[in-house]
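Visitor: I would like the entire structure built from these sequences, with the hints used as guidance.
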Amino acid sequence: MNGGIQAEGLVKRYGSVLALDGLDLHAPEGQVLGLLGPNGAGKSTLVRILATLLRPDGGHARVCGFDVAREAQAVRRVVGLAGQYAAVDEYLTARENLNIFGLLARMTPAAVRARSEELIERFDLTRAADRPVRTYSGGMRRRLDLGVALLAAPRVLFLDEPTTGLDPRGRAEVWRVLGDLVKEGTTALVTTQYLEEADQFADLIVVIDQGREVATGKPAELKDRVGGDHLEVAVRYASDLPPAMAALAAAGLAEPKADEDTLRVTAVLPGGASRLADVIRELDTGGVEVADLTVRRPTLDDVFFALTRKADEHDRD
Amino acid sequence: MTVTDPGTAPTSLTATDLGTAPTGLGLALRDCAVMTRRGLLRMGRVPDELAYNLAQPIIFVLLFSYVFGGAIPLPGGGPFKEYVVVGVFAQTLAFMGVGTGTGLAMDMSRGVIDRFRALPMANVAVLIGRANAELVRAVLVTGVLALVGLLVGWRTHTGVLSTAAGLGVLLLFAYAMTWVGIAIGLSVRSPEVASTAGLLWVLPLGFVSNGFVPIASMPEWLQVVAAWNPVTAVVAAARSLFGNPLGMAAPDRLPLEHPVVAALIWSLALIAIFIPLSLLAFRRSARRG
Ligand SMILES: Nc1ncnc2c1ncn2[C@@H]1O[C@H](COP(=O)(O)OP(=O)(O)OP(=O)(O)O)[C@@H](O)[C@H]1O
Ligand SMILES: [Mg+2]
Chain A
29 MNGGIQAEGL VKRYGSVLAL DGLDLHAPEG QVLGLLGPNG AGKSTLVRIL
79 ATLLRPDGGH ARVCGFDVAR EAQAVRRVVG LAGQYAAVDE YLTARENLNI
129 FGLLARMTPA AVRARSEELI ERFDLTRAAD RPVRTYSGGM RRRLDLGVAL
179 LAAPRVLFLD EPTTGLDPRG RAEVWRVLGD LVKEGTTALV TTQYLEEADQ
229 FADLIVVIDQ GREVATGKPA ELKDRVGGDH LEVAVRYASD LPPAMAALAA
279 AGLAEPKADE DTLRVTAVLP GGASRLADVI RELDTGGVEV ADLTVRRPTL
329 DDVFFALTRK ADEHDRD
Chain B
73 MTVTDPGTAP TSLTATDLGT APTGLGLALR DCAVMTRRGL LRMGRVPDEL
123 AYNLAQPIIF VLLFSYVFGG AIPLPGGGPF KEYVVVGVFA QTLAFMGVGT
173 GTGLAMDMSR GVIDRFRALP MANVAVLIGR ANAELVRAVL VTGVLALVGL
223 LVGWRTHTGV LSTAAGLGVL LLFAYAMTWV GIAIGLSVRS PEVASTAGLL
273 WVLPLGFVSN GFVPIASMPE WLQVVAAWNP VTAVVAAARS LFGNPLGMAA
323 PDRLPLEHPV VAALIWSLAL IAIFIPLSLL AFRRSARRG
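As they're listed, the protein sequences go chains A and B. Under our numbering, the first residue of the first sequence carries the number 29, and numbering increases by one thereafter. Under our numbering, the first residue of the second sequence carries the number 73, and numbering increases by one thereafter.
Incorrect hints may have been included.
Said to hold, decoys possible - So the derived list for chain B, only partly shown, Cβ under 7 Å to chain A, looks like this:
hint: 1; residue: Val106
hint: 2; residue: Arg110
hint: 3; residue: Arg117
hint: 4; residue: Val184
hint: 5; residue: Arg189
For the record, the hints were derived by calculation from the structure and aren't laboratory data. C-beta atoms are modelled at their ideal positions from N, C-alpha and C, and glycine is treated no differently.
Guide: What follows is the structure, given as structure tokens:
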């Protein structure tokens, strides 16, 4: 338990903006925790507090057992950070950046050299390693930024949208490196806007909205919370939409929704395949000409919309 | 015996030997050295910045010595050329602090400073390293300006030691102004504001002084301000150490009676005030976000 992250009741105010509103979060050691939330939810604020860059106005947090406010220096020795915007020195080369940040991370010169070469190769920067970062593409900068975060082999990693702006190969590489790290016991807190990535790579997901935690769980658990499978029936003619809706209702599906633009009727399908037979029979009875029929598991997008919308409604009450 | 397949074995990302770095004060000093090196590397990469540092003072030296040179008589006598070069030195060094503040504000806005703050390094090294690198820049700028001065006919008339002392007084002042710039750069957030805020107070400081015109030519109330201006003390100190004309018949105000002492007190006082202020501003930025 000691190696993870524990935050309780974190509060952070920027003037009149309440960025964190009593946030709780627990990340077990050696796992990837995916942090999801809409823009402005407080993700970066949380990361900055945990990385000792910001002081919380309330609550407390521990990283690897060290209090982020009272034992900041100890926290800094065990964490690596890649913020939302690449923070490397534009005028220096990749090698120089790695060298300087490595020495400041209190590594020996020899260790910094060896480690830098390893990371340069790993992040595919060999050919550009001696050019000023100013001449890099956004993705190259991002990769160097991640390399710097990994320099001192941190036990806890904070990555704020590490894959934003990377091409698919770069994104895959980031997740692969992260996977290797976690296998070796590192704990990672990763924010991302790519929900399918979080689905695939995160062990645990925390959804936050308006500075509060709204759901925590494994990806599969969260999907179960937004209900069962989704059924989608596509028809050929708009005139088939009402009978299709009636058919789904007759098969016992709650609240079917029709979309006139895409000519689709959708509903949550409880009970899986057995209910599907009823649906097809009812559609047939109703004489609906079906163009396509799909059943899909809910995605994290569904979770995201359902949970963050709920928080929204809650707020308006 | 273990056999590893070099083709597929992934490089370990955590099991690296980090070595044992020195501890305590040694580490803090190493941080300062690393940060100084960073500053110097950057300086080398942006030669246009240095050129920009130099362009204006070189133009000033040429303008003042050739255009106005013959026309301005000095109280106390002496050639105007020799008088004005030291004024340009001090003016230039005072303005360099503005660039320091702007650069620091730029680092802050780009998140580089955040990265330093998230490291287990000695935080002061971020500031000390920058001040050190700026001091090197000040030495370069002073050297080039001295050469240009020599070309237009500026000379020192005292010994090597006294000349070196004069340069030392100028550089100490440059170092003090660097810390003023650092404090400003840390207190405001954006590079633009840092630049404007810096100029706003350096401009009068540079011009309401004995740098370009004798104080005696100013209205009475302004003479008082000019006499107590640190730039005036520094310029008068350097002129007297170089053996250049002082531009006054007889010193009539306290700082001008003892210009070297006044210059040292001013510079040391600025350093003593603005180093702690800078550190405070640096810590405070952790709370603001
Ligand atoms: N320095 C600041 N000053 C004032 N308000 C701020 C500051 N930083 C963040 N905020 C506000 O705090 C709230 C949370 O911001 P934060 O950056 O943590 O969100 P986020 O979840 O990271 O968003 P995004 O997905 O857009 O990166 C937002 O309303 C934002 O406007
Ligand atoms: Mg963010």
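Visitor: Run every hint past the structure and note whether it holds.
Guide: Status of each hint after checking the structure:
1. Val106: Hint holds; Val106 of chain B Cβ to chain A Cβ min 5 Å, cut 7 Å.
2. Arg110: 5 Å, holds
3. Arg117: Given a least distance of 4 Å, the restraint on Arg117 of chain B holds.
4. Val184: Hint holds; Val184 of chain B Cβ to chain A Cβ min 5 Å, cut 7 Å.
5. Arg189: 6 Å, holds
Violated hints are absent here; each numbered hint is respected by the structure.
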